[in-house]
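Colleague: Read top to bottom, the protein sequences are chains A and B. Residues 878 to 1020, numbered by our numbering, are exactly what the first sequence covers, in order. Residues 8 to 161, numbered by our numbering, are exactly what the second sequence covers, in order.
A couple of the hints might just be wrong.
The calculated EDC-like cross-link candidates involving lysine to aspartate or glutamate, where the alpha carbons are at most 20 angstroms apart (straight line), are [what the hints assert, rightly or not]:
1. 11/B to 963/A
2. 881/A to 64/B
3. 935/A to 946/A
4. 11/B to 942/A
5. 35/B to 64/B
6. 11/B to 97/B
7. 10/B to 946/A
8. 881/A to 61/B
Please keep in mind that the hints were generated in silico from the structure rather than gathered at the bench. These numbers come from a predicted model, not from an experiment.
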Amino acid sequence: MIEKILLWLNTTPAARTAATWTINLAQRLSARVYALYVLPPEVKPTTPRTRAHKTDTKKEEEAWELLYEVEDEAFAQDVRISLLFEPGEPRERFGEIIASYNPDLVVVGADGPLPLAEIIKMSPQPVVFVKKIPAPAGNNKED
Amino acid sequence: MLKKVSELLPRSAIILELNAKEKEAVIKELAAPLVQAGFITDQAQFVSAILRRENLESTGIGFGVAIPHARTNAAVSTVLAFGRSSTGVDFSSLDGKPSHLIFLIASPETMKREYIWTLAKLSSLLRRDEVRNGLTKAQTVDEVYSIIERYERY
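The whole structure should be built from the sequences, with the hints applied where relevant.
Modeller: Here it is, written out as structure tokens:
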């Protein structure tokens, strides 16, 4: 029985498709969604301190925007959702979240934050990878 | 153009010490000045929208902060209220801790972009230790205001 679904988000189109897919599934199963965004640390902070901070803040705000968009979509479908914003190294944070929340299913966009094989290896639970929805025929903008 | 957080927070909607001790009463206390100022036209409808959301999700984001929010036609424009609780209020935060700093967000159904942006901006702002410490220690409404203005420039 699937009661808890961990949705690992990033800013790719596939992750957004994965979010909609997860919410639809959660609605049918009356499951709770845990929407996770891991913001990796800056690798080389070579810019002045204030500028580096600005960059971090901008990325953090983008992450929260995505999380709240997904929350709004879940709310419209009466799906229970919790938002998890986790700054840190993706492998470590993902492992910790899996251990803390013990989800029954993990959903990730196909071009996700880590290589697919690595996510499968790290997750003791089943993992679903969702591809982005193809653009309609004749529309090349998404290609 | 999207407004800054400080531009969405009327001074009359800053409550330095909330009287209410539990979630629903806190939401009503924070909504009251917004109703009085005409930002919310129907308090019952607004509170009901907030509580419906609270039943589906935790708006406690951790670190002693909660951001109850709703998009509803009971709101005339996007607007904030802020209240402090020294005893703390249970907003079912994922970290299990009570919330001491509570920001209420009201927005009309049609203003989704501003609503999401405000939520994101505020969540990011309130994760910063210096912002939370400043808001906790502020002695006056003006101090609360200046802390938000100062840090949202970054």
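Colleague: Under the criterion that the straight-line Cα-Cα distance not exceed 20 angstroms, is the pair residue 35/B, residue 64/B satisfied?
Modeller: Holds: residue 35/B and residue 64/B sit about 19 angstroms apart, inside 20 angstroms.
Colleague: Hint check: residue 11/B vs residue 942/A, CA-CA at most 20 angstroms. Holds or violated?
Modeller: The hint holds at about 15 angstroms.
Colleague: With a cut-off of 20 angstroms on the C-alpha distance, tell me whether residue 11/B and residue 97/B pass.
Modeller: With a Cα-Cα distance of about 28 angstroms, the restraint between residue 11/B and residue 97/B is violated, given a limit of 20 angstroms.
Colleague: Please verify whether residue 881/A and residue 61/B have alpha carbons no more than 20 angstroms apart.
Modeller: With Cα atoms ~18 angstroms apart, residue 881/A and residue 61/B stay inside 20 angstroms; holds.
Colleague: Does residue 64/B lie within 20 angstroms of residue 881/A when you go C-alpha to C-alpha?
Modeller: With a Cα-Cα distance of about 13 angstroms, the restraint between residue 881/A and residue 64/B holds, given a limit of 20 angstroms.
Colleague: Tell me if the straight-line CA distance from residue 10/B to residue 946/A falls inside 20 angstroms.
Modeller: Satisfied, since the Cα-Cα distance of roughly 18 angstroms is no more than 20 angstroms.
Colleague: Residue 11/B and residue 963/A: Cα distance at most 20 angstroms?
Modeller: violated (24 angstroms)
Colleague: Given the hinted pair residue 935/A and residue 946/A, is their alpha-carbon gap at most 20 angstroms?
Modeller: Holds, because 16 angstroms separates the two Cα atoms, which is no more than 20 angstroms.
Hint compliance for this structure: hints 1 and 6 are broken, all remaining hints hold.
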